[in-house]
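Please model the complete structure; the sequences and the hints are all you need to start from.
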Amino acid sequence: MSGSQAAHAAVDLSVKLGRLELAYPTLMGSGCYGSGEEFAAFADPAKIGGVVLKSVTQRPRLGNRAPRLVATPSGMLNAIGLQNPGIDWYLEHDLAERVPRPWKTIGSVAGFSVDEYAYVTQRLAARPEIDAIELNVSCPNVAAEGETFACDPKLTGRVVRLVRDTTEKTLIVKLSPNVTDIAAVAREAEDAGADALAVINTVRGMAIDVGTWRPRLGNVTGGLSGPAIRPIAVLAVYEVARAVKIPIVGQGGIETVTDALEFFLAGATAVSIGTANFIDPRIPERIVEGLRAYLGERGLLSIGQIVGQANRGFAGAHRCEGREG
Amino acid sequence: MLTNQMPAAVHATTVLDRTEPAPGIVLLGFYAPELAAVTRPGQFLMAIPPGGERTATALGIYEAQDRRVAVLFSVCGPRTRELAGLRAGDRLEVTAPLGNGFDLSGSPRDVAVVAGGIGIASLLLPAQALIASSARVRLYYGARSAALLVERDRFAAEGCEIHCATDDGSYGRRGFVSGLLAGAEPRPDLVLACGPTPMLRATAAACSALGVPAQLSLEETFACGVGGCWGCVVPIDRNSAQAPRFPGPDKGGSDTVNARVCKEGPVFWAHELRW
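If you read the sequences in order, they're chains A and B. The C-terminal position of the first sequence is numbered 355 in the numbering used here, with every residue numbered one higher than the one before it. The C-terminal position of the second sequence is numbered 1139 in the numbering used here, with every residue numbered one higher than the one before it.
Hints were generated in silico from the structure; no laboratory data involved. Since the structure is predicted, the reported quantities are computational estimates derived from the model, not experimental observations. Fair warning: there could be bad hints in the mix.
As the list claims (entries may be wrong) - Incomplete in silico selection of chain A near chain B, CB under 8 angstroms:
| hint | residue |
| --- | --- |
| 1 | Gly61 |
| 2 | Phe72 |
| 3 | Trp119 |
We put the CB at the ideal spot given by N, CA and C, even for glycine.
Next comes the structure, spelled out in structure tokens:
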């Protein structure tokens, strides 16, 4: 091993989100990675920090009608509609039959009422296979009801407060970008007891077929993901990082280590990779290796050393004038 | 119906040959001995974009023999344009083999293979397998015009009887291939079909009228291609062996469930679809 490789190997990429310890600061985004098993033959499970499972609700949901996907410039629209078998079946079958993997497993909970979130979280979080919970209060694809929570700071606070009482495990609240002031929602979630925030869910969007004059998604509207939303996501992380003290999982169009670094520098403690897995399932491990090399080349020992660096001096930007480096 | 037992993998390949059987249609052969050995008729691959396009492209596997695998596709957008730009010697990574493929068990003796346009790409392997087992294979092949009836000579050379239809009447019968199939004499034991959704619906209706079981290889937009995103679903009878497990009506679920075209399919029994 050469000197520089040795330096890279010594770089610490582990991070903590509340009580959740991740060997790598990379999560696979909910709904993009199935149960993880679908990708296990193509990706190195030992090089993935965690997998956020597909969202589960109290009752079974068939999901939206096809088409559920549309490719768009630098991204894609999706409107899956929270297809899932409901919490009873999910615990009995889907979760019980999971193959143990080295990654951390984060259950994702969606719902249509405050009580549903609490009920599903309590049942899911009680299972030993689940290391943490992500609250999907921001799904844009379920007739506006699902996203209502994350679009209303007070409602977000209510949901998180109630859910907080049901589990000691790390609670990550996934925020919507489809709001006027994401920092206000973030503060409410933090005050209500969230351990971390996932920033951001997809951006609402639509595509129309000019041949048929009809919307191209079965659900009419969808959620936009991919590099098209990356600058929106980076700004959201930047603003949320200024508003809260809890860690942030940055996400939105991350395809390369450079993309991931933007999020860390904006204030994310970890990143989540979603749509990029549809290009090449080896992208997450390449990002991990890229982070190691980036930090190693700069003589940095841990990923934590760059978190939020772009946020330093924000309030007093003028003071930085003329400073080099 | 079969399920995909063979673990797929990412294969690093090298392009061997590239031809254009018709304007806008590309036949791309590449060196992939391991993939050629494990591919079953009706399976597909996800081509990892070689030049910066986003999301992999699902392509039916057209040929798989010895050390060579080939795909046949029409250029219809930026991703297929990128793939069409590959030349002999270029590198191409593919995730494969994916999907279930056609179920050729049950020793069918007389099979109608029905292609709509570029759907022909998924039908050479099953035709070859059936002919190798001494079945009679008739190809019913429809396209917009004569020039787009690509590779029909190849199917003839493999031993298929060829019946063509074109929308403009420039070759074979004028009209849709489903109409041609409806008049098939004698009635085949089994139909295998691949093509655009309206053509498959018409084929399913023709097969239902004939009383012949049909396996349809469906076309749908994929994102992951491996069952992870649930973006490519089709409604199917919950009692189908292919249906993903889901609660029935007694447990708040449904008799019809959404199956993933990429994972449970892409081949489904026509009579089990609830589309």
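Here is what the structure says about each hint:
1. Gly61: 7 angstroms, holds
2. Phe72: 6 angstroms, holds
3. Trp119: The hint holds - Trp119 of chain A has a Cβ within 8 angstroms of chain B, the shortest such distance being about 5 angstroms.
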